[in-house]
Amino acid sequence: DGGITQSPKYLFRKEGQNVTLSCEQNLNHDAMYWYRQDPGQGLRLIYYSQIVNDFQKGDIAEGYSVSREKKESFPLTVTSAQKNPTAFYLCASRDRGHSPLHFGNGTRLTVT
Amino acid sequence: RKEVEQDPGPFNVPEGATVAFNCTYSNSASQSFFWYRQDCRKEPKLLMSVYSSGNEDGRFTAQLNRASQYISLLIRDSKLSDSATYLCVVNRGISGNNDMRFGAGTRLTVKP
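Taken in sequence, the protein lines are chains A and B. Numbering-wise (the numbering used here), the first sequence opens with residue 48 and increments by one. Numbering-wise (the numbering used here), the second sequence opens with residue 58 and increments by one.
Keep in mind the hints are simulated off the structure, nothing from the lab. Take the hints with a grain of salt, since some may be wrong.
[Unchecked claim] Each computed DSS-like pair below joins lysine-lysine, with the alpha-carbon atoms no more than 27 Å apart:
| no. | chain 1 | residue 1 | chain 2 | residue 2 |
| --- | --- | --- | --- | --- |
| 1 | B | 102 | A | 117 |
| 2 | B | 168 | A | 104 |
| 3 | B | 59 | A | 104 |
[Stated by the list, open to error] Covered by chain A, according to a simulated footprint, are these stretches of chain B (three or more residues, beta-carbon under 8 Å):
| no. | segment |
| --- | --- |
| 4 | 77 to 84 |
| 5 | 99 to 106 |
| 6 | 159 to 167 |
[Said to hold, decoys possible] Over the 12 Å line for every Cβ pair with chain B, so calculated as not near, a few chain A residues:
| no. | residue |
| --- | --- |
| 7 | 75 |
| 8 | 90 |
| 9 | 152 |
Where is the CB? At the ideal position from N, CA and C, for every residue including glycine.
Here chain B stands alone, though its shape is the one from the complex:
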């Protein structure tokens, strides 16, 4: 089993739709969680950190479920500009270990 797994997608949704991505992680000691967005042939850019209590930034909501070891990203009112690959990132969290691991990414296409 991979350390970090994501829904492979692709997700093809109409403008205005709500879409949700999940990401599971295998290391229960993991402490830090993030969602990144990557456009074609570009570097990943931070979308949002994921906090224990859940957090929201405009149309984007991130949740963490430690018991089930997954994080989620919800995008409301999808825009054409949301089309990208979404990557989850997890710090392995082992004491003294600064290792950061990525999921394979979920591709989203928002259509008019």
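Chain A extracted, bound-state conformation:
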């Protein structure tokens, strides 16, 4: 079945460590996105990529980095520079034109 896979579902890290969240899609979508959601809040855009080897900052890119070396993969690294990294991270992809977003199941990151 086609879809988006995020791993792991839960991730625990110590403060000061970088951590990379995985996102893979087999939908053949060009665009991929990373969002962050805090409790009781909406989704905020971290980074997005429209094509391989290209990505754009969203509203809250500070403390995060991404790469898009393959169409299927868009990993997100949460660096030690991110001051409040504990959150629910959602990866999404979409086709061209006026297509909707398709989401993975999300990764809950807890940093202590």
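Given chain A, put chain B in place with the hints provided.
Here is chain B on its own, set in the frame of chain A:
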């Protein structure tokens, strides 16, 4: 002003009630509009796309008003299972820009 704004809610309604949500957007160039549903601690799931002429899917009706820059979602004959947070999503629509932005969400609770 936020790019995408929603009624914050919460909306608490009895079963069988009709409830309407609004979402305003600030970018007049926006081209794509969607409503998503998000259950607690889950990823958002597409409820429906919003077309210029308005569209209906069973008990759900979506409308777009470009002149006033808002979209709406109407739920008729509310069910207990409709309890969730409803998110509107808007493509910024700038040429070559594939940016998708979310409202903060409106929480709906349907009670027996």
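Outcome of the hint check:
1. B:102 / A:117: 25 Å, holds
2. B:168 / A:104: 41 Å, violated
3. B:59 / A:104: Given that 27 Å is the threshold and the Cα spacing comes to 17 Å, the pair holds.
4. 77 to 84: This one is violated; 0 residues, fewer than the three required, reach chain A with a Cβ under 8 Å.
5. 99 to 106: Coverage by chain A holds here, the residue count being 6 at a Cβ distance below 8 Å.
6. 159 to 167: Check passed, 4 qualifying residues.
7. 75: Check passes; 16 Å lies beyond 12 Å.
8. 90: 4 Å, violated
9. 152: At about 6 Å from chain B, residue 152 of chain A fails to clear the 12 Å cut-off, so the statement is violated.
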